[in-house]
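Starting from the known structure of chain C, arrange chain F on it as the hints suggest.
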Amino acid sequence: MSSSAISVRDLRKIYVVTERESGIAASLRSLWHRETEKVSAVDGISFDMVPGEMVGFLGPNGAGKTTTLKMLSGLLHPTAGMVAVLGRIPHKREKGFLRRITFVMGQRNQLVWDIPAMDSYELNRAVYGIPAGDFRQTLGELTELLELGPLLRKPVRNLSLGERMKCEIAGALLHRPQVVFLDEPTIGLDVTMQRRIRIFLAEYNRRYGATILLTSHYMADVEALCRRVIVIHHGKLLFDGNLADLVRRFTAHKTIVVRLEDYGADLKRYGEVVSCEEGSFTLRVPKAETARITGRILAEMPVIDLLVEDPPIEEVIERVFAQGAP
Amino acid sequence: MNGIRELYAQQFKTTFASMLQYRASLVIWMIGHVLEPLVYLVVWSTVSNSGGGSVGSFTIGDFAAYFLLMMLVNNVTYTWIMYEYEYRVREGNLSFALLRPVHPIHSDIADNISSKLITLPLMLIIAVILGWFFHPTLTVTPWAIAVFLPALVLAFLVRFFLEWTLALSAFWTTRVAAINQTYFVMVLFLSGQMAPLALFPSPVRVAAAILPFRWMISFPVELLLGRLTPAEALTGILAQIVWVMIGSVLLRIVWRAGVRVYSAVGA
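Top line first, the protein sequences correspond to chains C and F.
Numbering that gives the first Met the number 0 applies: residue 0 is where the first sequence begins, and numbers increase by one.
Numbering that gives the first Met the number 0 applies: residue 0 is where the second sequence begins, and numbers increase by one.
Looking at chain F on its own, in the form it has when it is part of the complex:
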């Protein structure tokens, strides 16, 4: 356990040093992560303006709070592993990971957390500035904050395990881009990134709740906005725990099979 902690600490230093080498691309990456929710926010504000100040149960202020929180939660749970794996398998760099006496997922988790620790403070500042312009209405209850933190960690894990597993499709196919594209479209709709799930028709809401998508991004936001009852919050946490378990089992199975394929066809 001590070794793993040491590994995470070292990975943090490595990630930090690498990111500082690419300050410009870091800025561009962050602009992208700010612009996307901002566009949705502007669109929905306009729609609610023309609809008399609200859409469904969302006022303009609610939309502002929703998309700013969305921006932050998405930043925390986001991964780029699906692009990364395709490159690793294609270039054969995975071989080095397989030669090391540590499961490669550790350096990926550590790398992800490290880069979040660097970007999150900047994103918080941006959120505060944007909040000044868009006037979000947000009243948080202490219990919502208390549940929000574990929900956020679980959301990260659900998304990380799922995307790490999907990334492993690179072992079988060279058409990873098509799989990624399909997946990202589903995330966009079913995780609440484009619009609050509450505004979708009920079949979509049910689908989002059965699938892991709501639990990866939307759920912590809904919690903090005070849109869930304690019972719903508890059910949500349970759903997240179930998805973390499913994800970690899937990941193990797919990883083993993937490595077998990799080591059969020529690493």
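If we strip away everything but chain C, and leave its shape as in the complex, we get:
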């Protein structure tokens, strides 16, 4: 157990929410009688992460990802189960623990809005008691990796969303946390900025050996960064393992892209034609049939080029969420 950076056993979080029907009568009734309902946000999940590992945490909205991250960072008390991060119990919020973790929330800002990021960084230096030398070095490295140079002196409110996110991430890493939680760090960013942040996270992970757990709606993030993914749905663990295994396990189809000399060829007899344009045909075929169908196409048609692919990862994930438990 001590070799794990993060260890989670049968973790549960049940929220008690008050609910009432709309309308005045219901409002009045709720004055003396409150209807409450228990909502199971996280329903018995277990996993471990070794130091330096980078894991993608996937699930649709409301799956319990953020709730889990909040329990791991100590913001939420678990209802049941066990969490240990760096050997500590997060919700005790010990100073020594808080100094070694960070939590980047893509939709919230910790930087002070009206002043330059640099001033907020100085405040963080004081809050975390970072020695001046370490601070300068870390800031220098982060500035270089994230290309922050000119941004640090502008008031945060004048930065674009992407620039602000870069500054937020740098601010959250100044104390060189060993464990980094990122909740949707690339949300709302354009493709270029998403890629920048991805490259940065990979480099940060490599350089400092930090353990990183991140959620994202962009599969490209997860594909680029995480060999291992954990998928949860309705608070339950659906899958924990290799991204490639996830694709293998949850896809019943493969995609065959064929280029033919004959633009008007009819390929319906081989499988479902997803698209055809200018001689390039995309077919969806059952996975088990792939080899046989490929062979038939090659034998029977005037093929220029042929490619067998897995369906796009988004499609796989969509299917995983749609079918629930495997």
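Don't take each hint at face value.
Here are some chain F residues the structure puts well away from chain C; computed CB gaps all over 10 Å [stated by the list, open to error]:
1) Trp79
2) Leu98
3) Ile128
4) Arg251
Within a straight-line C-alpha distance of at most 16 Å, the following computed EDC-like cross-link-like pairs (lysine to aspartate or glutamate) qualify [as the list claims (entries may be wrong)]:
5) Lys267/C / Glu299/C
6) Lys12/F / Asp113/C
7) Lys235/C / Asp42/C
8) Lys12/F / Asp42/C
9) Lys286/C / Glu271/C
10) Lys153/C / Glu121/C
Calculated directly from the structure, the hints in this document are not laboratory data.
All C-beta atoms in this analysis are idealised placements derived from N, C-alpha and C, irrespective of residue type, glycine included.
Relative to chain C, chain F alone:
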């Protein structure tokens, strides 16, 4: 301890920079803090004029001294934390404070002191200018000044701890505005902001002395005006110390309970 000092210094720079970003709102805020005591001063001056130059033991000059000092002491002890917390809890910004390895009250105290260091010199200048118009009668004794400073610091602490604790009600209810309103009305009457406590009937005076309100604002003013005997001054300081202790214990208990609620229902 060194770390905390560093934190306060940095918070000062942050607060200073933020305030400079909003010079206009700073001016508006200060106008409000000047106008309120000024209105009471004008009202009471008029009342004493029609009553032959004084009300109870207060002459027109006494009223001028009282409300100008009131303005300054209120400026020093004032907090805005009760509005701030509602916003923090509602927006979830408190999460960042909870992720930091320092108790969040430190940045609040530092922020408050910092903004006072910026506004106080301006308020002093305004007080001097107003003094020129309203002719306050003020004779201060050296011992009153000597006791005034600790009394002012204690008044700040009593008020800060109390209002920080009340602000934490945001953890339990979304109707913080109602609580704030009730509290501010009580402060207005029982801390001597609207009228000197000496002019109130005795039940109100007793209530103000038993409750923390007199010790948050009125007491340092009464001291400087020379309206208290050394024995009364000493009793006052003791009352302040007791309230600081009660406040800090309450604060700890309520903070712990509040964080438990916050972390139970979804931070």
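Structure-based check of each hint:
Every beta carbon of chain C lies more than 10 Å from that of Trp79/F, the smallest distance being close to 16 Å; the non-interface claim holds. The Cβ of Leu98/F does not lie farther than 10 Å from every Cβ of chain C; its closest approach is about 6 Å, which violates its non-interface assignment. With a least beta-carbon separation of about 30 Å from chain C, Ile128/F lies farther than 10 Å from that chain, consistent with its non-interface assignment. Residue placement check: Arg251/F keeps its beta carbon more than 10 Å from all beta carbons of chain C (closest about 15 Å).
Restraint check for Lys267/C and Glu299/C: satisfied, since their Cα atoms lie roughly 13 Å apart, inside the 16 Å limit. Distance hint between Lys12/F and Asp113/C is fulfilled; the C-alpha atoms sit about 13 Å from each other, no more than 16 Å. The suggested pairing of Lys235/C with Asp42/C holds, with an alpha-carbon distance near 5 Å, which does not exceed 16 Å. Annotation: proposed proximity of Lys12/F to Asp42/C is violated, straight-line Cα distance about 46 Å (limit 16 Å).
With a CA separation close to 13 Å, the supplied pair Lys286/C and Glu271/C stays within the 16 Å bound. For the proposed pair Lys153/C and Glu121/C, the alpha carbon gap of about 15 Å is at most 16 Å, so the pair holds.
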